[in-house]
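What follows is each chain in one-letter form.
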Amino acid sequence: MSDAPAIKIALKNFKFFQDRKPLLNGITLDVVANRILGVIGPAGSGKTTFLRSLNRLNDLLPDTHIEGQLLLDGEDIYHPSFNVVSLRKRVGMLFALPVALPMSIYENIVYGPRLSGIRKRERLDQIVEQSLKAAFLWDEVKDRLQMSGLRLSGGQQQRLCLARVLAMEELEVILLDEPCSGLDPISTAKIEEALTVLKQKYTIILVTNNTKQAARVADDTAFFLLGDLIECGKTGKIFTVPDDKRTNDYVTGRFG
Amino acid sequence: MERHFDEQLQALRSHLMKMSAMAEVMIADAVRSVVEHDKDAISPVYEREELVNTMQMEIDESCMKLIALNQPAAADLRFILGIIKTNSELERLADEAVNIVKKADHLLTVEQLKPFELIPETSNIARSMVRDSLRSFVNRNTSLAREVLQRDDQLDALKTKIVNLLKECMAEDSKTVSRALDLMYISRCLERIGDHATNIAENAIFVVEGVDVRHHADEKRAAKSV
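Heads up: the protein sequence lines correspond to chains B and C, in order.
Per the numbering used here: the first sequence = residues 1 to 256.
Per the numbering used here: the second sequence = residues 1001 to 1226.
Because the hints were derived from the structure by calculation, they are not lab data.
A portion of the hints provided could be inaccurate.
[Unchecked claim] With a cut-off of at most 16 Å between alpha-carbon atoms, the simulated EDC-like pairs for lysine to aspartate or glutamate come out as follows:
no.	chain 1	residue 1	chain 2	residue 2
1	B	Lys237	C	Asp1173
2	C	Lys1018	C	Glu1091
3	B	Lys245	C	Glu1209
4	C	Lys1114	C	Glu1168
5	B	Lys212	B	Glu178
6	C	Lys1167	C	Asp1153
7	B	Lys237	C	Glu1209
8	B	Lys212	B	Glu192
[As the list claims (entries may be wrong)] Footprint (simulated), chain C over chain B, 3 or more residues, beta carbon under 8 Å:
no.	segment
9	208-220
10	242-253
[Stated by the list, open to error] Calculated from the model, a selection of chain C residues having no Cβ within reach of chain B, i.e. all distances over 10 Å:
no.	residue
11	Ser1043
12	Leu1069
13	Arg1078
14	Asn1099
15	Asp1105
16	Val1163
For glycine and all other residues, C-beta sits at the position ideal for the given N, C-alpha and C.
Could you put the whole structure together from the sequences, leaning on the hints where they help?
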């Protein structure tokens, strides 16, 4: 049996263009299953473009095209026959600002599963409890599930959004775009704690401007600069002995 | 971009340089007191020890603050770790200088045994190792650091030679025991000075290249990866 790590996502010379301008310049990268990949880099480095390419959110932008391949479990997600709806069930996303739906906490969670056809109350109750527990929110809201999600604090709303992502039964990959940028340290710690537990079940990709957050949470870290992947490796190495001087300068705060 | 943090690192480096200059002078004085029978070189060693101890605590405190307040990474982190480790080596170097002058008082009043002839050469090597290891750390010169590592074998060999000759002296004439033990102690101090210099040179390599060469760790790692 091979000891090689399972590759969940593989980019092969993946390029992304908008208005014919390259935003990602031929990225080749393997994302290992059940690990957290931290993605760091200054503004305009392409990290969010990279993240949004992974569940084809960039398709919604005008005048874009891609070159190369982006494989999920070996399947090219940009192949015309690939089902985008099923892709977004498997690859969920959490954004910088929590977007709680204007409905109860309970309804926020079951919104996706209902759309997927789950109707049984018992099953939906189960999903709500499991998802909220996995997002470290259950203990704070279990007695007020019918309260509006909008009445929760910012940190709680972000965990509600995480629970909503986790409610998708097909979920395999979680993408996070600056999920703690507006949160206080305690709320940030709760999200980070949740991620370290969730990686046992999911593959996680975390884009962050907070390099210390990548250092704390990520198993591997990728450094992007001007649309190029400069370096990707074990987080312990990237933050102590990076190979590339540009990575060193960025993680030591010399630019960015 | 010039950062306030860089200024703090520079201040730390200057502080360490002052301490290393002081430790170097202490060793030079201690060696002179023994080799040149210079009594006047003894008391400055004791005086400087106090200063070195104070500096050690100040540098440690600065490093702790820099880590707590800036959470340094990569080259900055390695530099601060290197300073912490070198700081401790310098304090120990200073202690060895004190250990030497403690014995010098007695040695200056008695007739020297023959193996004493090897002490100047031994102390020259030890002093050159200290000087070059500190220079390699401050100037980020890893080839000089590697030269220092090689010199340590020479120093160890000389120390073993001195000890063996002294054993012969003691076997031949029991009246030499006290003087022989003092000389053995001094040669041991000089060997330790070389060990501290070696550690500083290893710190220099770690700070610049990020490679841990202690205990031949780099060679073992390379052998493993083959």
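Hints, verified against the model:
1. B:Lys237 with C:Asp1173: violated (60 Å)
2. C:Lys1018 with C:Glu1091: holds (12 Å)
3. B:Lys245 with C:Glu1209: holds (12 Å)
4. C:Lys1114 with C:Glu1168: holds (11 Å)
5. B:Lys212 with B:Glu178: holds (13 Å)
6. C:Lys1167 with C:Asp1153: Roughly 21 Å between the alpha carbons, so the hint for Lys1167 (chain C) and Asp1153 (chain C) is violated.
7. B:Lys237 with C:Glu1209: Cα-Cα ~13 Å, so holds.
8. B:Lys212 with B:Glu192: holds (12 Å)
9. 208-220: holds (count 3)
10. 242-253: holds (count 6)
11. Ser1043: holds (44 Å)
12. Leu1069: holds (13 Å)
13. Arg1078: Given that some Cβ of chain B is not farther than 10 Å from that of Arg1078 (chain C), nearest at about 7 Å, it is violated.
14. Asn1099: The claim stands: Asn1099 (chain C) keeps its Cβ more than 10 Å from every Cβ of chain B (closest is about 36 Å).
15. Asp1105: holds (47 Å)
16. Val1163: Consistent with the label, Val1163 (chain C) stays out of reach of chain B, its closest Cβ about 40 Å off (over 10 Å).
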